[in-house]
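K.L.:
Residue numbers (the working numbering), protein chains in the order written: chain E, 1 to 373; chain H, 1 to 173.
Check each hint, because a few of them may be wrong.
Claimed, not checked - In silico DSS-like cross-links for lysine-lysine, where the CA-CA straight-line distance does not exceed 25 Å:
1. E:42 with H:169
2. H:144 with E:4
3. E:42 with H:144
4. H:141 with H:169
5. E:237 with E:361
Simulated from the structure, these hints should not be mistaken for laboratory data.
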Amino acid sequence: MPGKAIIILLLGFIIITGLVLAGIYSVNNNISQNMTNDFQRKATYNIAQSGANIGLRQLTDNSGYRNSSYSVSTMMNGKVNVRVVDTTLSDSSKWVAVKSTGYTNYGGTNQISCISIALMHSNSIPIPMKGAYTSPAGVTYSFNGGGEIDGRNYTSNNTLISPGGTGTFAIWTKGTVNIPGNSASLGGTANGVDYPLSSSINPLIVLQNQPIPATYPNTPDEAMGGSTAGYPEGTLKTYAKSGSDGSQYIQSVGGSIGSYNSTFSGVTFIDWNGGNLSSLSGSGILVINNLSSQMLSLQIKKTNFSGILILSNNTSLDLKQGGVIGDVIVLGSSGVNSSLLSDNGQGFIHFSSQSVLNSIKNIVSKNVVWYEK
Amino acid sequence: MQSIIEIIGSTIIGGMILLLILTSKSNVSKSSTSQVINSNIQSNLTTVTELMEGDLKNLGYRITDSTSITAADSNRITFKIVNDSTHTTDSISYYYTTSSTSLFRKVNNNTPTQINLGITNFNVWYYDKNGAITSSKQLIKSFKVAITVQDTFKYDGDPVSAYWVRTFKPQNL
Chain E
1 MPGKAIIILL LGFIIITGLV LAGIYSVNNN ISQNMTNDFQ RKATYNIAQS GANIGLRQLT
61 DNSGYRNSSY SVSTMMNGKV NVRVVDTTLS DSSKWVAVKS TGYTNYGGTN QISCISIALM
121 HSNSIPIPMK GAYTSPAGVT YSFNGGGEID GRNYTSNNTL ISPGGTGTFA IWTKGTVNIP
181 GNSASLGGTA NGVDYPLSSS INPLIVLQNQ PIPATYPNTP DEAMGGSTAG YPEGTLKTYA
241 KSGSDGSQYI QSVGGSIGSY NSTFSGVTFI DWNGGNLSSL SGSGILVINN LSSQMLSLQI
301 KKTNFSGILI LSNNTSLDLK QGGVIGDVIV LGSSGVNSSL LSDNGQGFIH FSSQSVLNSI
361 KNIVSKNVVW YEK
Chain H
1 MQSIIEIIGS TIIGGMILLL ILTSKSNVSK SSTSQVINSN IQSNLTTVTE LMEGDLKNLG
61 YRITDSTSIT AADSNRITFK IVNDSTHTTD SISYYYTTSS TSLFRKVNNN TPTQINLGIT
121 NFNVWYYDKN GAITSSKQLI KSFKVAITVQ DTFKYDGDPV SAYWVRTFKP QNL
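The shape of chain E in the complex, shown without the other chains:
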């Protein structure tokens, strides 16, 4: 074979090999790119999740933390934007959403983004609570002393908040309200306007003869807003039995109540079927469930209770010198047709959004759900 032919052959071989090697390089590049992209997606996902966890930590430290604008941080060779907002989902459930968007190669042509959303049930006033005192049909009110039912907003220390306009109605009921004499007084908020205490019944803040909606709560968990608000049936009783935050589950056995800590905290769930209950005091959520056919008479003497008081029907609440700072709601259980609110001394019910939110913050904030895309 002449030398020229060999040179041509070699040149041909080099060209062919070069082309094939270029093809191999291209395929190798695809494989590497595929792996890099996969790794990058995982890294972006981790950045987004870390951002959501940072937002959750902020909320744990401060339940009032809301940051409607994005805050951008650099993290793990990428960027993360975190936003904490109140949101309502399509089923009308209210949540606090921590939305975290993670980026790698931020601003580059091969930028990858990933969103991680952590949802917590919103710590808001339960929807069924329509006034400082909310009750279904068949309720009799008796004001024999100089007490107060005030729907204006108070602090948890029982100080009226000024400027006002953030409270609620004094009383919301299907029944009627009577004030014998003129010593007792009612105040409240309607349409953002505060109405000071007065012995006359102002229909703007004392809502009588109200139609009871089909959704009116029949159980303590429904009074808190039910499953859409983070309280599936049994939540309060389970929490009370857990003993968290001083919670107690108290039950009448053989017609008597055993010993219990009478300064309530956390969630106190009382299944009453006889026995004497001491004057209500303490804080948190107090559920009093009358399982008997007898009227249960509750008294608040010199003590105060701060938080949410949920009463089953057929319960009499007698306010003497102390009162409730927060909110009171009577359940609409069927088969029972009377409940009594009496104010025989200087007792009071003062609506306090602060007390209500304090009582629920440790319960619902533990329900965190995650969504990623």
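Given chain E, put chain H in place with the hints provided.
P.N.:
Relative to the frame of chain E, chain H by itself:
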């Protein structure tokens, strides 16, 4: 005589060079083809895993605790997710059948979608909160998924395959 020896010598050398070229070309071609197949199965694998990860990382979204996973077998996992846009609870299944050697994705009672990307093996192992293997659906806190993808084209008698394994710890479990 001299030129005959030159011709014979150059023919031998030329033949050796030709043999070298042909052998090299064959090796390069084999390598190239193998890389193309590798690239294909890797691409298939990442497609499958991306699809699965998209569903699995939201497993149990807004579902009551301990009820998220409704079926947990070695080659099938079924779980629930609340679909916010339709306000319904969706049941999503991933399962593998040896008869069709295919992975299927099924949403509610809809017709299963066959994921026809050369999957030859699909296995799931379930773990409780302590990391011990469990068969109780209520106790599952994490699970490991292993997938083998194999190219349908056997090159040089050997099928090219890729193996992927990942442990999932969904936040909602």
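K.L.:
Do the alpha carbons of residue 144 (chain H) and residue 4 (chain E) lie within 25 Å of each other, as the hint requires?
P.N.:
violated, 63 Å
K.L.:
Does residue 169 (chain H) sit within 25 Å of residue 42 (chain E), going by the straight-line distance between their CA atoms?
P.N.:
holds, 14 Å
K.L.:
Tell me if the straight-line CA distance from residue 237 (chain E) to residue 361 (chain E) falls inside 25 Å.
P.N.:
holds, 16 Å
K.L.:
Do the alpha carbons of residue 141 (chain H) and residue 169 (chain H) lie within 25 Å of each other, as the hint requires?
P.N.:
The given pair, whose Cα atoms are some 7 Å apart, holds under the 25 Å limit.
K.L.:
Taking 25 Å as the top limit, are the C-alpha atoms of residue 42 (chain E) and residue 144 (chain H) close enough?
P.N.:
holds, 17 Å
Checked against the numbered hints above, the structure breaks only hint 2 and satisfies the rest.
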